[in-house]
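Visitor: If you read the sequences in order, they're chains A and B.
Add 25 to a position in the first sequence, counting from 1, and you land on the number used in my numbering.
Add 25 to a position in the second sequence, counting from 1, and you land on the number used in my numbering.
All the pointers check out, no bait thrown in.
Because identical chains share one entry, a pair is satisfied inside a single copy or across any pair of copies.
Computed cross-link-like contacts, EDC-like style, restricted to lysine to aspartate or glutamate with a CA-CA straight-line distance of at most 16 Å:
| id | residue 1 | residue 2 |
| --- | --- | --- |
| 1 | Lys59 | Asp329 |
| 2 | Lys63 | Asp329 |
| 3 | Lys59 | Glu343 |
What the hints contain is simulated information worked out from the structure, not anything from laboratory work.
2 protein chains.
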Amino acid sequence: MSSQSIANETTSQHPGPLRLGIAGLGTVGTGTVKIIQKNAAMLAARAGRPIVVTAVSARDRQKNRDMDLSDYAWESDARALARRDDVDVFIELIGGDEGIAREAIMVALQSGKDVVTANKALLAIHGQEIAEFAEAQGRVVRFEAAVAGGIPVIKTMTGSLAANRINRVMGVMNGTCNYILTRMESAGLPYETVFEEARQLGYLEADPTLDVGGIDASHKLAILSSIAFGTRPAFDAVEIEGIERVSIDDIRRAADMGYRIKLLGVAQMTARGLEQRMSPCLVPADSPLGQLQGGTNMVVIEGDSVGQIVLRGAGAGEGPTASSVMSDVIEIARNVRIPTFGQPAARLEPAQPARTAVPAAYYMRLELQDKPGALAKIASVLGDAGISIDRMRQYGHADGSSVPVLIVTDKTTPDAIDFAIETLPKTGVIVGEPVELRIEEV
Amino acid sequence: MSSQSIANETTSQHPGPLRLGIAGLGTVGTGTVKIIQKNAAMLAARAGRPIVVTAVSARDRQKNRDMDLSDYAWESDARALARRDDVDVFIELIGGDEGIAREAIMVALQSGKDVVTANKALLAIHGQEIAEFAEAQGRVVRFEAAVAGGIPVIKTMTGSLAANRINRVMGVMNGTCNYILTRMESAGLPYETVFEEARQLGYLEADPTLDVGGIDASHKLAILSSIAFGTRPAFDAVEIEGIERVSIDDIRRAADMGYRIKLLGVAQMTARGLEQRMSPCLVPADSPLGQLQGGTNMVVIEGDSVGQIVLRGAGAGEGPTASSVMSDVIEIARNVRIPTFGQPAARLEPAQPARTAVPAAYYMRLELQDKPGALAKIASVLGDAGISIDRMRQYGHADGSSVPVLIVTDKTTPDAIDFAIETLPKTGVIVGEPVELRIEEV
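Extracted from the complex, chain A is given alone in its bound form:
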């Protein structure tokens, strides 16, 4: 048997090239075509067979994409592309959780194609249905590019860490939010100013609440939860808070106390059910998550045997995302065929969502009226809530009428914090609303 045979023996049904149909020629689509055009020989060597594009589709055929597409058949309808006899793998890079992307994927599966997609919204919302249909058809759906761009988190979780019972998975998975938060800190600028900068730099989605509202990152978290805990993707059950209320004040005060504020997603299985939250959190400034600057993403996975694994890389962009798309294509070429979320869809349990109850330390900031006994009233409310104080810092009088007070609590429950936040304004010694942010243990 020749040494070549090992890569081919399981693909004897497809001795020829693996033929791709690419739907969507935006940043990721053109990036994918570029990799195939640039590294064809290397891809064939590693995949065990040539990888070729046979057909493409996009909205606008005339758009200048700065690449030669003349060798590929053109389809104006992605569903027609999904049906073509000369396509083995349908690559969906259109986006959106409804409409043409979803339809075309179902058509492709029905037509016996494997599917590669970067569509996080679709998988977070309709992942179970798609997985069940794909497996019923004997096809695979792969989606490395859907979560954290170039970071190989899906294969790490479905493959490399598959022997682990996952305890927790966390991540900074929206580069735009991390850019905004780190830029606010480094330039000392308020949220609104940096948001506007990000918009002008083209970093924001057409609907910016997808980014700054935490929706995009929550789609990704729901997908990771499903793989981690063997549950059906449950995007609706993610407790979501965006970064809109993060003030430059809190960023500065948190830094004073040794923390950075990150939009952090956390999924954790507890005795009460699955906790999934996406919210601005404090993390130690010198932790890997705290060190993360700009548009870079990070995912942290904790397994019962492996301990903590940290993955870091570009969370978006043409090259990194196309690299992930192509890693799925190469696995299909190698005849790696694993179920969508790492185990058969029929085995995935309903998620049984639970509101966050895992205790944590919390950061609180309040504006205290400058009068005798004010601090004692605050301390009394916290005591009534069962909250002990780890550290407190009272700042100087800015305008003589009120002073900022920072509190880092000992570990406490979200319920206790909610009680305190509700009760504190009733003391009559506080100006405005108190701020609280969870300090996630990382």
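Here the structure of chain A is known, so what remains is to put chain B in place on it, guided by the hints.
Guide: For chain B alone, kept in the frame of chain A given last:
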């Protein structure tokens, strides 16, 4: 077709359980058995079939391993285990680049078994021969546990990043060395003292030069090079320097300048050939590599599309290493069959090693005699060598006779540095030998 069928359709030749024979019941071997005993149902769900141990072997049958091995057949000879008809996968956890480990692997391949091993020395030195033999037999050899313990670097490189031309791969891959270096810095202790601590804590190999001499980490680097660049593993061509000459002085001075010293492996393909070096280097204290504390490992991979990917986790220990062993087993159970180093062994090119010539900044420390014109002579030597100075720092007079001088150079070549280090003592103004350390760009 049932939804279960997807995981099974490619394994129809082996509809039953995947049967393991485990040779070596030290830390990793017992860790592997524990995972199988603890997580059996989860493993079966994820792998698409049950994973069972049928037989084990080890030197000492009587040793108390704190686990029930009574269900497994016992072989006193690993080669006999490798031949058993009731074993599908031979798991080699004996270690050593010669002798029984190597023999048993060859017997297993010859007997039609797939092989999983954690044996970095064996693969770094005999990897090509083993890969060729495995592929000729139509079997796979997998070795996630051989490099960086629980960090999934092998699968990341052979799978997730397979669409990338790799530019450079770097890593801190010996936890003992990193423990020694970080402990020297945090406790302010000299090398000899911390080395002795590490020995007493059981962190050192029986032959400690495997750790502190950089051999173990270089085995790992040679394996990563092969996958990254499609070359035959070339351990002999790694330029190796251990951590024995790293002084507490240099650790302190480097910290003053914003750096940390790490035993860093770097593999890089250049126009002149493959550079592979393992040596103590300076890296920025606030970089991911610089932040790495204690026994944790980190691998940094740079691809033409994905950019920089950083992987971090436990580099050793029972759970992490067994997690990696089991990830290979699960892939075999799923019928994932890729060539040993990511492409067919026959396609791997001889490595064409090149001595390090990629320019870098360097750190130099010298003891300068306290006399007029001394610094001018140093500056003149560096000028003659074509080296410009980025930063220089002269410290106060400790004992009146000589003063430490630190220099960070601009980017220069190793040849220029060698010339300077050779010439500096001839100026007659230096006490002792000058120290130089490369500042790797990370």
